[in-house]
Amino acid sequence: MIPTPDLSHLTKKDYEHVYEPAEDTFILLDGLEEDAGKLRSAHPRICLEIGSGSGCVSSFVGSILGASTTLYLTTDINFHACRCTRQTGHQNKIPIDAVNASLAAPLMRRLRHAVDVLIFNPPYVPTYSDEADDAQLRADIPGAWAGGKDGMQITDVLLDQVEDLLSPVGRFYLVAVKQNDVPAIRRRMLDIYGLQSEVVLQRRAGGEHLYVIRFTR
Amino acid sequence: MVRLITHNLLACHAKGCTSNNFPLQFKDVQVELREAEFNPDFLRGFIPRLEWGALVDAARQLGDTSLPAEPPEMLDVEFLQKLHHVLLEVHVEEGAMICPNCNHVYPISNGIPNMLLAEHEIG
Chain A
1 MIPTPDLSHL TKKDYEHVYE PAEDTFILLD GLEEDAGKLR SAHPRICLEI
51 GSGSGCVSSF VGSILGASTT LYLTTDINFH ACRCTRQTGH QNKIPIDAVN
101 ASLAAPLMRR LRHAVDVLIF NPPYVPTYSD EADDAQLRAD IPGAWAGGKD
151 GMQITDVLLD QVEDLLSPVG RFYLVAVKQN DVPAIRRRML DIYGLQSEVV
201 LQRRAGGEHL YVIRFTR
Chain B
218 MVRLITHNLL ACHAKGCTSN NFPLQFKDVQ VELREAEFNP DFLRGFIPRL
268 EWGALVDAAR QLGDTSLPAE PPEMLDVEFL QKLHHVLLEV HVEEGAMICP
318 NCNHVYPISN GIPNMLLAEH EIG
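Here the protein sequences come in this chain order: A and B. Here the first sequence stands for residues 1 to 217, numbered as in the working numbering. Here the second sequence stands for residues 218 to 340, numbered as in the working numbering.
Just so you know, the hints here were simulated from the structure itself, not pulled from any lab data. These numbers come from a predicted model, not from an experiment. Be a bit skeptical, because a hint or two may be false.
Computed list of chain B residues with no C-beta within reach of chain A, every gap over 10 Å [said to hold, decoys possible]: (1) Gly233; (2) Leu250; (3) Arg277; (4) Ser283; (5) Phe296; (6) His302; (7) Val303; (8) Val322.
Residues from chain B that keep clear of chain A, each with C-beta distances beyond 10 Å, as calculated [what the hints assert, rightly or not]: (9) Asn225; (10) Gln242; (11) Lys244; (12) Val246; (13) Trp269; (14) Asp281; (15) Ala286; (16) Glu290; (17) Val294; (18) Ile315; (19) Asn331; (20) His337.
Result set (EDC-like, lysine to aspartate or glutamate): computed pairs, CA atoms no more than 16 Å apart in a straight line [stated by the list, open to error]: (21) B/Lys299 <-> B/Glu287; (22) B/Lys299 <-> B/Glu338; (23) A/Lys93 <-> B/Glu306; (24) B/Lys299 <-> B/Glu252; (25) A/Lys93 <-> B/Glu338; (26) A/Lys149 <-> A/Asp134; (27) A/Lys93 <-> B/Glu287; (28) A/Lys149 <-> A/Asp181; (29) B/Lys232 <-> B/Glu338.
Using N, Cα and C, we set each Cβ at its ideal position, and we do this for glycine too.
Make a model of the complete structure from these sequences and hints.
Below, the structure written as structure tokens:
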């Protein structure tokens, strides 16, 4: 059993601007823990988490893989989230290099086919399209959940970059909810990009039907 | 943290800036040194993913000239320790990174690089 990262350094004030870990975070941790053995034996060098928020997930992966075995890179559009991610890494003795960026934009050139573990817990809640656009621009808490049409507006953009980013042994973990149409996501990644996938975990929690999907070559 | 390992992976992504957009040049930087756990296997595995020239150049901009112009064929412990220090222990905390092609300025504050673009700059 891998302990949940220590978040005791984060305060109410931090959570005014940064998404507080919730059921969707915890199912992702559980999914990653389920894969812990496979993750370790792949000897990943680069782990990239998109939208790292509090930094809970990358710190958790760090405790699975070890502080010095892998480079933990994270991005978030929200500067406060980058700050919290960095602190959470520090608190849990995992060095995390947090980058204030949208998705993987400044990394696409250099990380082509180089990411061994890619993780995205996206803003997946269906909202009006404008609401999702506005939330991304404001780079605050709604940016962590407002997902636009079918909750897929932000995820759609990343899905088209996954094949470009994944290394030959790369694995991509995505959190989704039922309304995102999980079978359609999996079909599309297979048909367009030839990526295989498996539902690692699914559960109902707090009115949401949550999934963790793993994609590989 | 803007460590040189991360600097080696960041490129300018402003609209239309697609060549000579890497490596970003440091400007007015404040550097802190922090010890990190030495892991030779990690370093050996990471070398093929580095743009070596860009790393040597970035280290020199920060006043570190310990790395050879080309990675040596024999990756002995002495070399790996130098590489470890340059890649993982040098933290740029404040300053900026500038695109050599379009001169876009990416500020670094509290060790976090701001790689966001304004809406009209996104390609």
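Results for each hint:
1. Gly233: The claim holds: B/Gly233 sits with its nearest Cβ about 14 Å from chain A, beyond 10 Å.
2. Leu250: The assertion about B/Leu250 holds, with a minimum of 14 Å to chain A.
3. Arg277: 20 Å, holds
4. Ser283: About 20 Å separates B/Ser283 from the closest Cβ of chain A, which puts it past 10 Å; holds.
5. Phe296: 18 Å, holds
6. His302: 14 Å, holds
7. Val303: 14 Å, holds
8. Val322: About 13 Å separates B/Val322 from the closest Cβ of chain A, which puts it past 10 Å; holds.
9. Asn225: 7 Å, violated
10. Gln242: 15 Å, holds
11. Lys244: 17 Å, holds
12. Val246: 16 Å, holds
13. Trp269: 13 Å, holds
14. Asp281: 18 Å, holds
15. Ala286: 20 Å, holds
16. Glu290: B/Glu290 is indeed farther than 10 Å from all Cβ atoms of chain A, at 21 Å.
17. Val294: Given a closest Cβ separation of 15 Å, the condition holds.
18. Ile315: Holds, because the least Cβ-Cβ distance between B/Ile315 and chain A comes to about 13 Å, which exceeds 10 Å.
19. Asn331: Answer for B/Asn331: violated, closest chain A Cβ roughly 5 Å.
20. His337: For B/His337, whose nearest Cβ neighbour in chain A is about 13 Å away, the distance exceeds 10 Å, so it holds.
21. B/Lys299 <-> B/Glu287: Answer holds: B/Lys299 to B/Glu287 is near 14 Å, not above 16 Å.
22. B/Lys299 <-> B/Glu338: 38 Å, violated
23. A/Lys93 <-> B/Glu306: At roughly 14 Å apart (the allowed maximum being 16 Å), B/Glu306 and A/Lys93 satisfy the hint.
24. B/Lys299 <-> B/Glu252: Holds, at about 13 Å.
25. A/Lys93 <-> B/Glu338: Given pair A/Lys93, B/Glu338 is violated - Cα atoms ~37 Å apart, limit 16 Å.
26. A/Lys149 <-> A/Asp134: Answer holds: A/Lys149 to A/Asp134 is near 13 Å, not above 16 Å.
27. A/Lys93 <-> B/Glu287: Status violated; Cα separation ~32 Å.
28. A/Lys149 <-> A/Asp181: At roughly 12 Å apart (the allowed maximum being 16 Å), A/Asp181 and A/Lys149 satisfy the hint.
29. B/Lys232 <-> B/Glu338: Answer holds: B/Lys232 to B/Glu338 is near 5 Å, not above 16 Å.
Of the numbered hints listed earlier, those contradicted by the structure are 9, 19, 22, 25 and 27.
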